[in-house]
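Participant: Here is how the chains run, residue by residue.
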Amino acid sequence: MVTAPANLIEGIRRRDPRAIARAISWVESGAPLSGQVMAGLEQDLIDQARVYGITGPPGAGKSTLTGRLIGHYRRQEARVGVIAIDPSSPLSGGALLGDRIRMMDHALDPDVIMRSMASRGRLGGLCAAAGATVRILAGAGCSVIIIETVGVGQSEMDVIRLADLTALVVAPGQGDDIQAMKAGLLEVADLLVVNKGDCPGAEALALDLETAARDRPALPAGLSRVCMTTASENLGVAELAKTLDRLDSKRRQSGEHQAKRALAQRLEVVDWALEMLRPRLEKMIGATEAVTRDDPRQLASALIASLTGPER
Amino acid sequence: MNVEASRYRVLIGKPGLDGHDRGAKFIARALRDAGFEVIYTGIRRTPEEIAAAAVQEDVAAIGLSSLSGGHSRLFPAVLEALQAIGAGDIPVLGGGIIPEEEIAALQAAGIRQIFTPGTPIETILAAFREACAEHLRQNQGA
Amino acid sequence: MKEMSDQDRYDHWRENELRKSLERFPERKKKFSYHGGMEVPRVAVPEKIDPTYLEQLGFPGQYPFTRGVQPTMHRGRLWTMRQYAGFSTASETNRRFRFLLDQGTTGLSVAFDLPTQIGYDSDAAQSSGEVGKVGVAIDTLADLETLFAEIPLDKVSISMTINSPAAVLLAMYVAVGEKQGVAREKLSGTIQNDILKEYVARGTYIFPPRPSLRLITDIFRWCSANTPTFNTISISGYHIREAGATAIQEVALTLANGCTYVQAATDAGLDVDLFAPRLAFFFNASSNLLEEVAKFRAARRLWARLMKERFGARKPASLMLRFHTQTAGHTLTAQQIDNNIVRVTIQALAAVLGGTQSLHTNSRDEALSLPTEDSVRTALRTQQIIAHESGVADTIDPLAGSYYLEQLTDRIENEARELIRKIDEKGGVIPCIEDGFIKRQIESAAYDYQQEIESGERIIVGINRFQGEEREKLKLLKIDPAVEEEQVARLARVKTERDSARVANTLAEVHRVAAGDGNLMEPILSAVKAYASLGEICGVLREVFGEYRD
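Chains as they are written, first to last, in this note's numbering: chain B, 1 to 312; chain P, 313 to 454; chain L, 455 to 1004.
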């Protein structure tokens, strides 16, 4: 397959799965020419795409729910992109990406593009390339993009930052996990979804979440922050999607959406800068003699000073 | 940027109706522990589904497992499905209960390598590494 | 009972359970003796019988059944030598069955191909390349009639390894019985019918868990009323172990599934003492001889206790864990295949010492393909030599009282019980299937095991130690690729010869009842007799129940 940037841009426009997949690989691996590809994407498509995050503790049924959401949006004839992120092994750097299993129903649908990604060392958070991948999928005509990540490490906060809206999905029987959940999460996720609604404890859990969300500002148009689904039976899924879409629409009207995207972009720039800096910094530290009694903060200050000097 | 950030991506799948996934899962985990990013597609996949997933995930190699004797039709069927969507260049390796005398035919059909029971995992990992490296070299563009 | 001393319990057992058993049928020989004439004791018991002995061991055929479910065990009747077989077409398999019966097997066990097990006809797209490969292809009643031609269903005990479409195969079996003139009440046999393990270990599921349980309880109910001597379920640990589980997990997960079925049946209004006696189990016999023996004993004792504690079962037959065993497939190597004969011997010995009711021994070439006649014969002879030459079948539970064995039995029981408790805490087996807990348990164990082999910590002779040059190539069984064409043609013929209107009506009725809550057995029986195909009937059920997606 010929892989000059122009070909990839063309392929993305034509919605060629291989070109899309190759472009994503390029941003993931930091290929030097990936910048050209990104520059060739249609900004309108990126602006219009709805980007939803699905996160939560393992076992809540996120993959199943995502699979159902895909089905819902497909029935509305929307082209759907899915990014499923799993943590990389801190030991080997490899990853087992198994979310696709629950979504194989859509494997042959040309209007569903799924990509499994590994966090690649970002402390279990989203890989740096997630944002770029969202844009590529949008540029390939996906009007709805779902980012699914298992809630470990930094990933929930990362996805909340990256997506336009995020749904935190929990299931009954995970009471302990929810207690242990970082307090910020319940306050920052846009929607709180109780999945496995047919299991005992679902109602009680929904009530708990409503109580926890009590002090947050109410959603517009009387939308409910807490939703209930039974993804395995495809119940509550359409309602969840509707809530997401309506909330998204309201946010665009009010300007909140645009502001969030602008902030996300700024944060992503810093992210990339850190990614790019890291190896240089590590190299530089490697070059200095190990003096264990020096204060790390002082050393860091000095490092940055030497970087931001005239030499780049 | 970081060349190390480049990871070998492979897809492991079981085409056909066979549900015994112990071997496939072990290889998936072993690949993970060796630093690969492994997309595991589970059991009961059609050749077309496996090919479509492999393309979307831009994998550098595919591993197929079959313990039910269906390999003679199913492995070549995956190759055909890949060709049909313009991905015939992705190397395909296979393993499972495959009689010696059928290996040559599968390789002639285009399966890069076949692993029979008892093959040490190191051999399998090395084969995947080589296959991925070669594929990435041929597909360089960035 | 209260006035009886512990010592008297032994006499009591002899006067009651033992005597009744001997009245039903005598032991195989008048006298079991060693060369030299001395008599082999029926069952060795401690000189001093104490409360711990009575509580933990008891006597054979008596709660908690640690020492066996029958008072005379293999002295009364040898275990059934039941070799699993099946491949390509019904007529080929029929020939293999008759060969086995001639060679001395006392029961048959049918292996079906993957399309049949997953409810697809041989002409379905998904079946291509898989027809007749791992078992016999059955599309309609016509195929089952051929399968059992000249095999009297009232004389030969037949076990069918079929799960998701078990109701359909059972219906076909009943129909064949009718044609042979065998009364329903006399129909014996077994269907595996254990859907829960499919989701985590074997993969031939069709429908989601809840409708599958409904089908299973429909079968329980129908069989209680119509075929009371038919075994309606073989709750299986074999596959769970094959998937990589430990011995403790094998016991815990199997018994947890068993409890789930019992619960489903009692929830559906069935009386536990009515259907529990017909529950059967199916375990693995792996290579660690003594661990396996302890495992079987622990499983028996734990099940008896669970049935009593949880379900209040009262009939002794409801508390008995009767089981079939298969030697561990996953231990067979493709290298130096004669070594497999030795492995199977050790494993079979474990099963016999562990008190199995029925046994399948693998053939030496099964890591390579389905077995040849020669290999199968050796596998059968292995059982026969153990039975008649080794002496272990002449006395009951001979390893009892060994410090090692009793401690291991206790440990396995306790740890299995603990894992069952964990599953209960999480809401039971079905939630644990749905959220992957059970799969993760098994996968973790499988991974550890394989890593031990890779690192050399666990030695497998011929694989990571004592490798050698391979001998000349063995002749292996090959499945003729023409089988698929043949079968597809056969199915097409049946379809032209049958009454399509009748088929359509019966299928519509299956649909109607499936969508409601009536018993599905009669509608399925009618459809089967009209020569509706397995794929057609399962297709209707798929429409109503949906398909399970992992």
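Incorrect hints may have been included.
Partial chain P-side listing against chain B, Cβ under 7 Å, derived [said to hold, decoys possible]: (1) F348; (2) E360; (3) V367; (4) E369; (5) C444; (6) E446.
Each computed EDC-like pair below joins lysine to aspartate or glutamate, with the alpha-carbon atoms no more than 20 Å apart [unchecked claim]: (7) K876/L with E963/L; (8) K932/L with E442/P; (9) K769/L with E471/L; (10) K880/L with D16/B; (11) K880/L with E256/B; (12) K932/L with E414/P.
Hints were generated in silico from the structure; no laboratory data involved. By construction, the Cβ of each residue, glycine as well, lies at the ideal position given by its N, Cα and C atoms.
Participant: Each of the hints needs a verdict: does it hold here or not?
Facilitator: Tested hints:
1. Interface restraint check: F348/P against chain B, minimum CB-CB distance 5 Å, threshold 7 Å, status holds.
2. A least Cβ separation of about 6 Å between E360/P and chain B falls short of the 7 Å threshold, and the interface hint therefore holds.
3. At its closest, the beta carbon of V367/P sits 5 Å from a beta carbon of chain B; the interface hint therefore holds under the 7 Å criterion.
4. The criterion of a C-beta within 7 Å of any C-beta in chain B is met by E369/P, whose closest approach is roughly 6 Å, and the hint holds.
5. With a cut of 7 Å, the hint placing C444/P at the interface with chain B is violated, because the nearest CB-to-CB distance is about 12 Å.
6. Annotation: interface hint on E446/P violated; nearest CB of chain B at approximately 15 Å, more than 7 Å.
7. Restraint check for K876/L and E963/L: the C-alpha separation of about 42 Å exceeds 20 Å, so the hint is violated.
8. With a C-alpha separation of about 33 Å, the suggested pairing of K932/L with E442/P is violated against the 20 Å cut-off.
9. A distance of roughly 13 Å separates the Cα atoms of K769/L and E471/L; the hinted pair therefore holds under the 20 Å criterion.
10. Under the criterion of a C-alpha separation no larger than 20 Å, the hint pairing K880/L with D16/B is inconsistent with the structure, at around 45 Å.
11. Proximity of K880/L to E256/B is assessed by CA-CA distance (about 41 Å); at most 20 Å being required, the pair is judged violated.
12. This hinted pair checks out: K932/L and E414/P have alpha carbons roughly 11 Å apart, not beyond 20 Å.
Comparing the model with each earlier hint shows violations of hints 5, 6, 7, 8, 10, 11; every other hint is respected.
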